[in-house]
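There are 2 protein chains.
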Amino acid sequence: MSLMIVGSVAFDAIETPFGKTDKVVGGAATFAGLAASYLYDEVKLIGTVGGDFGKDNLNILTAKGIDIDGIEIVDDQKTFFWSGKYHVDMNSRDTLTTELNVLADFDPKIPSSYQDCEYLLLGNLMPQVQMAVLDRLETVPKLVVMDTMNYWMDVALEDLKTVLKRVDVLAINDGEARQLSGEYSMVKAAEKILQMGPSYLIIKKGEHGALLFGEGQIFSAPALPLADVFDPTGAGDSFAGGFIGYLAHVQSVNFHNMKNAIIYGSALASFCVEKFGTEKLQQLNKEEIAHRIEQFVALAKFEIK
Amino acid sequence: MSLMIVGSVAFDAIETPFGKTDKVVGGAATFAGLAASYLYDEVKLIGTVGGDFGKDNLNILTAKGIDIDGIEIVDDQKTFFWSGKYHVDMNSRDTLTTELNVLADFDPKIPSSYQDCEYLLLGNLMPQVQMAVLDRLETVPKLVVMDTMNYWMDVALEDLKTVLKRVDVLAINDGEARQLSGEYSMVKAAEKILQMGPSYLIIKKGEHGALLFGEGQIFSAPALPLADVFDPTGAGDSFAGGFIGYLAHVQSVNFHNMKNAIIYGSALASFCVEKFGTEKLQQLNKEEIAHRIEQFVALAKFEIK
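These protein sequence lines map, in sequence, to chains A and B.
The working numbering applies: residue 1 is where the first sequence begins, and numbers increase by one.
The working numbering applies: residue 1 is where the second sequence begins, and numbers increase by one.
Just so you know, the hints here were simulated from the structure itself, not pulled from any lab data.
Be aware that a few hints might be false.
Copies of the same chain look alike in the list, so a pair counts if it works inside one copy or between any two.
Unchecked claim - Here are the computed lysine-lysine pairs in the DSS-like style, where the Cα-Cα straight-line distance is at most 25 angstroms:
(1) K192 to K275
(2) K305 to K286
(3) K78 to K20
(4) K188 to K275
(5) K305 to K259
(6) K165 to K188
(7) K188 to K20
(8) K188 to K85
(9) K85 to K161
(10) K286 to K259
(11) K188 to K301
(12) K305 to K142
(13) K142 to K165
(14) K23 to K64
(15) K286 to K301
Please build the complete structure, drawing on both the sequences and the hints.
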């Protein structure tokens, strides 16, 4: 039994109103893997990096017990590189550079030791790559969670819709839900998207929390109001990693557990943004996480008799 | 003992993507009064209308047991008129017309029968008028809630800050909190605003719910996701009316009760937007409200062991 996470492993260079970084380790699989590693022991990554990535950087993952047998190292190529600059509101950003590099020809290979995968997170990647992973698994996982973004709706909508038919949970933001469904109201958007394949839809709203739709129910999760958000990069991936990591931990998929999973995902995302890149996610401990979960409970709790 | 609500009583003409209205009854005091009337019996309004307002329109208020002795009718003037057009996102709108009319010289008079006021809602109005009401009350109310808007921060900031020193709860939206505090983070904005006078700050975030700051705590309330929002006009006022109406009902002001008050306010606001103008708020019953409160409980509830 294991949790498999597919996604980019990258270098990011980030500028925010609070400062800027040189190339630091990033990527959807990195953030999601680190987040999940605090909740579940058997986390296995699928991805690819160039010869420039270096052992030290891979150690960031292995230090958390994450299996990197599925990360292909292509020595004569460079690692995927993204750089961006966040605006003062931290919700919008300009992409300065996107160098696909090794990701351009990424053909995911699944080690035989990964075939015990029960929980699968398809991190934000080209839909065809997400599909290839599904095709190459010998057993259909117990739960498939898919993250994606507006870019793929623009350039690969049909592929994306094909993958959607095979996933259980889709996690996107509110703008993406509107784009995918053509509906402004989240209720109507969810109705349409749940007819496209997934049984559950998560709407990520950043500082406004998240919504979960499924089983005819709706759950609204708060976001923890933070005094300082240093770097939002990877928050969505950390959310997804925490979400599926919690479900792998409890080994039971239903609306009740998914609500808790969203709170865990939100907690991991709230840590992620407190420092640049993966810095904070490298140094967490279980007590900090438990304390933050208590903050979420206090934040949302009310009792009407 | 009574709940006094000060604010505009108006005619609105509204256009949304779902349709448009001729002049319908609106105004902050109207929406807040109607909302509060479902939770508390002794609701008393302070406001002014012109000779054109008509008895039928006043009956909308009296039908709910609302005391209108404090609504001054100026026969030879016209009622405040606002018209606006909402964009497709329903969060932004263009004001087409603002005719202050009778509101231009509004000098609030407090009937002696209103001097038993324990709960006071200063609805969105010129800060000098809000101040006059506070000055003319013989006893300081148990709770003063103030609603305001960015317009008054632009044109009467010093007056607004003077009133703020005398209120217990300020209710504004996130953009207004940023403007008033000069801080982007809601946590930092709240810290600054709570130093300006109020003991509690409510941040209204529309479809994203509301935040309550005070007593060193934070509460995040969800908004009910709705399939259709027909007309957002008056939602903030209905929220404020439901909020203070609940507190007047339970006769106890603390963070715990304020959380519930925010849920009641959110529930009343969620009804308000389902029809044009005050239509829905005129025809509610207690069972519907109780059912909606249950929806809010289900929406926000999670249990982490």
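Against the structure, the hints come out as follows:
no.	hint	verdict
1	K192 to K275	between (37 angstroms within a copy, 24 angstroms between copies)
2	K305 to K286	between (34 angstroms within a copy, 15 angstroms between copies)
3	K78 to K20	within (22 angstroms within a copy, 58 angstroms between copies)
4	K188 to K275	between (36 angstroms within a copy, 18 angstroms between copies)
5	K305 to K259	both (23 angstroms within a copy, 13 angstroms between copies)
6	K165 to K188	within (19 angstroms within a copy, 44 angstroms between copies)
7	K188 to K20	between (40 angstroms within a copy, 22 angstroms between copies)
8	K188 to K85	between (33 angstroms within a copy, 23 angstroms between copies)
9	K85 to K161	neither (31 angstroms within a copy, 36 angstroms between copies)
10	K286 to K259	within (20 angstroms within a copy, 30 angstroms between copies)
11	K188 to K301	between (27 angstroms within a copy, 22 angstroms between copies)
12	K305 to K142	between (39 angstroms within a copy, 24 angstroms between copies)
13	K142 to K165	within (15 angstroms within a copy, 58 angstroms between copies)
14	K23 to K64	within (21 angstroms within a copy, 64 angstroms between copies)
15	K286 to K301	both (22 angstroms within a copy, 24 angstroms between copies)
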